[in-house]
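Engineer: The lines below spell out each chain.
Protein chains: 4
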Amino acid sequence: MTDLKAVLDSIHKELAPRIGEGKVADYIPELAKVDANQFGLSVVTVDGKAYNVGHADVPFSIQSISKVFMLTLALGKVGEGLWKRVGREPSGSAFNSIVQLEHEQGIPRNPFINAGAIAVTDVVMAGHAPREAIGELLRFVRYLADDESVTIDDRVARSETQTGYRNFALANFMRSYRNLDHPVDHVLGVYFHQCALSMTCEQLAKAGLFLAARGSNPMTGHSVVSPKRARRINALMLTCGHYDGSGDFAYHVGLPGKSGVGGGIFAVAPGIASIAVWSPGLNKVGNSQLGAVALEMLAARTGWSVFGD
Amino acid sequence: MTDLKAVLDSIHKELAPRIGEGKVADYIPELAKVDANQFGLSVVTVDGKAYNVGHADVPFSIQSISKVFMLTLALGKVGEGLWKRVGREPSGSAFNSIVQLEHEQGIPRNPFINAGAIAVTDVVMAGHAPREAIGELLRFVRYLADDESVTIDDRVARSETQTGYRNFALANFMRSYRNLDHPVDHVLGVYFHQCALSMTCEQLAKAGLFLAARGSNPMTGHSVVSPKRARRINALMLTCGHYDGSGDFAYHVGLPGKSGVGGGIFAVAPGIASIAVWSPGLNKVGNSQLGAVALEMLAARTGWSVFGD
Amino acid sequence: MTDLKAVLDSIHKELAPRIGEGKVADYIPELAKVDANQFGLSVVTVDGKAYNVGHADVPFSIQSISKVFMLTLALGKVGEGLWKRVGREPSGSAFNSIVQLEHEQGIPRNPFINAGAIAVTDVVMAGHAPREAIGELLRFVRYLADDESVTIDDRVARSETQTGYRNFALANFMRSYRNLDHPVDHVLGVYFHQCALSMTCEQLAKAGLFLAARGSNPMTGHSVVSPKRARRINALMLTCGHYDGSGDFAYHVGLPGKSGVGGGIFAVAPGIASIAVWSPGLNKVGNSQLGAVALEMLAARTGWSVFGD
Amino acid sequence: MTDLKAVLDSIHKELAPRIGEGKVADYIPELAKVDANQFGLSVVTVDGKAYNVGHADVPFSIQSISKVFMLTLALGKVGEGLWKRVGREPSGSAFNSIVQLEHEQGIPRNPFINAGAIAVTDVVMAGHAPREAIGELLRFVRYLADDESVTIDDRVARSETQTGYRNFALANFMRSYRNLDHPVDHVLGVYFHQCALSMTCEQLAKAGLFLAARGSNPMTGHSVVSPKRARRINALMLTCGHYDGSGDFAYHVGLPGKSGVGGGIFAVAPGIASIAVWSPGLNKVGNSQLGAVALEMLAARTGWSVFGD
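Chains as they are written, first to last, in our numbering: chain B, 50 to 358; chain X, 50 to 358; chain U, 50 to 358; chain W, 50 to 358.
Bound-form chain B, shown alone (with noise of 0.2 Å):
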């Protein structure tokens, strides 16, 4: 049996001098005032022990994590028909491009790039005003990580609301496909403060256990989804989880995983544990640096690749 704490001291210790490494997103003006030199990184099994190294308890802007909460949220509310609206499938170009959906007709291909996530989103409002599906939303992630201290961060919101051309841009051409239902501003609303949600690592971890342990989560015994849903969101995540990195992430690190701009990581080891690291300095394809050495090192040392030991 791995020991975990071991492990965990020795990647944070490991990677003590590379603290401050990579860039901190400058596009969203809100991001780019955060300290680069932190480093959290909290691992929790299915039997719910909590394992934190680092600022694992300091909050930080989740971004495109949150598009795993809302998927979640879509597939609760339509199931199988989501997939009506958005693809499966790895879509072999950036985060923001807008090409596939020209070719593809207004189908984002898949839940976890910009466009697929705003489609998701317009989903989950059915037919309610921003507030309502915003709020729903919160109480939906406090609800996963039993905790009502988690936030969503205004500021962010809005400095993402007046620099947010380019979603403004899919969300728009979507709409001319007629695969949004409700008006752009309200969609991209709530698109804006998903992506502000301010989580921990801890946090986050918790959150997110009930992709690890069958679609509950272990320390609450709330039941999320089944276990082939939480089978299903855990192969999206793998496939697509990176964007145009994702096939790199899979093979480096082997784990089912959602990246954000703002320097976190979340990831699954099926059966074992849930995982959430953090350091703001992003590497060239815009994932946090460390978080994506420290997961293939935590990989690595514990053999909970999903393709073996």
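Errors might be hidden in some of the hints.
Same chains, same names: a pair is fine if it fits in one copy or spans any two.
To be verified - Taking lysine-lysine pairs in the DSS-like style, the calculated list, with each CA pair at most 27 Å apart, reads:
id	residue 1	residue 2
1	72	133
2	54	277
3	333	277
4	333	133
5	277	62
6	72	333
FYI, nobody ran anything at the bench for these hints, they're computed from the structure.
We have chain B; now place chains X, U and W onto it with these hints.
Structural biologist: What follows is chains X, U and W alone, placed relative to chain B:
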């Protein structure tokens, strides 16, 4: 403990009325002659037991499944240097698309689309004549399967040579970007022969068993690759093994796998078993229709999905 | 010397049985209400004579034909510097395609596709409020046509504002590449109003006469642009004036021209005459069906093709 | 009346200090050997007078300019039926791009990009062996130029055959879509020989004079095509004659034309004259640098632009 024999029998029995479904590939004239009413399934576990149902002992043209063996050979020759010649990301397009090659200047997206496999073949040739390279591959696959009766069907190879215009286009295109070292005719000569490997389900499952067993074949004791490389090949199969249907396969089956237009699918349950299924009728994305269904049933009934049980 | 009146009469007579052919544009609700059974043709020669047949005195929505006037204004403001903001090459794609914009980083291919015209509008605005820019354009077109009765149809402008998602996508996309200086809403406000210019065939032919007459309107004596600039605008119309049907128009008609989805087509016979034709029914590439036929007949019977008589 | 001799002399004199500018094409080894310090210009008017300056009597490889003669031959054989095999629209991409071919299923955009010219060659062959087709073209060009000394440079043809991977890719790709009737090697054999036509500026201007003179060569009295077809070929040259630089050529020069990578440009002033210019150094879009400048000067000083004087 799952009773594997019972699981295979139940799958065979349930699918029996559907055998013959799908459409046999007709773009290679020689393949079009295959009788659609065939179905075979073989599972070989890491403790060396083989379970077979149906036509598991009938040789078929493994076609693109051979790309897994060629990739293994190429990594053995040049190691991670291979990735200068070919990428590791899902392509988001058809198996024979040339668009991506132009946008990315002659570097194919991954080793499992046609262009990527042609580049891998060029690497394996390493200055040798086509006949020698074909011989090397055949010896390698016989060694992996521990079975000298594996052959290459020359008629199929010839049939593809005469009609494979698209592959000639891909190879010439890469050559124009200097991403082929050998003459196009030579590389495609080898490529068409590897696709024409003729194997039974059981031979195929045995030949690929090393990928389920940390890189070594437990039946022969042969060490083929390191555990790390086995994991990485599995990762590539999961993210890229079914062209633009890879996401769907991961979603429904949840196992690393590689399909061929001859109706075969090879899959790996890491640490557990190696699987080969064959049924010539293809679904509309070009994979064996019953083969995909059988694997989904197998994964569901055994809990072998890498994404959770 | 061609008897122009006789030519126009013969065209009108021959086309009379076909009036009503084609399909009125329906993607802008307000345009869909137009009666299809209308056809007008006006030719104004460089010596100032006007020849009209049919509904040449009925105002219609000139739509994309306005791009010619906006281009003229923009060149007047920033000269050849305009070409930093927009290209001069045919696009090889649909009028509202966004693919090229991503491949060429926010620089539209030419001023006559939607994205290019939106960039041109941004240049014309030059820091002014939408109302002022709209006023400037209206004054300019009235000046060109020497006719104060030219108006903008607010209902059409409003109708487009409410449904023009694709244009909002294009504008936001360009803004994300910093190729728009003004707020998207402002630029599109102006853009939709220019498209809603309502003119008769005769007004339109007069307004564009300067392009046939070395840059000056011989009827008013107004100098609009230099002879060189007139030639260049004509060149752009010939290569780019009909989106992805520009080659076909040059092949069949052989005159620089610009079509609009309202069923109008403006054309120039350099040194000879300015031409406007209108019939609301569109052919399958989105140009006026009878308008294109009428222009082909006119060019054939007059020998006005720029490619030889 | 313009003093043509004076105009040509002035152009020659002004450009003399710049002769040698640009970069000689090096992708065909045999072409790379050409001395850059050459410049020739020939104008032949429809009344049969020839005006030459510089190296107008030095043969050079006309390369893609031959596409105009092959198009003329193909239209003569199959008439408008040709347009089932190739389009008539500008491509919006590089001369050797394959992307469009995949998106439009093997139908090249126009006869002047490589893929389109290869399809045209296939049409011209009409079941004949390569040698016969090459002979037919050579006889046709000699007939057009009224000069039996026109030859094909076999070394250039051979040089291209050995390095033309991209053209082999295009041809195989079209063959996979059944848009080539003859074997790829045969079609490209003819194609490379037509590109290797060796002509002087004066020969070229004479050979193309029919396009300026309503389809007939006024010097020989030979009727080549109808006036309508001459106009249409001119239209195609104007919209598509310079690959993705066609818009720019129309903008600056304003004449139908076709460039070749050997440094030649052929142009037509309809009803007035036929023009050939040659200078081996290419600009960065692959056209003769001084050739384009000379044509711009010629059009400006003569008022021959089709877009107005």
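Engineer: Which hint numbers doesn't this structure obey?
Structural biologist: No numbers; nothing is violated.
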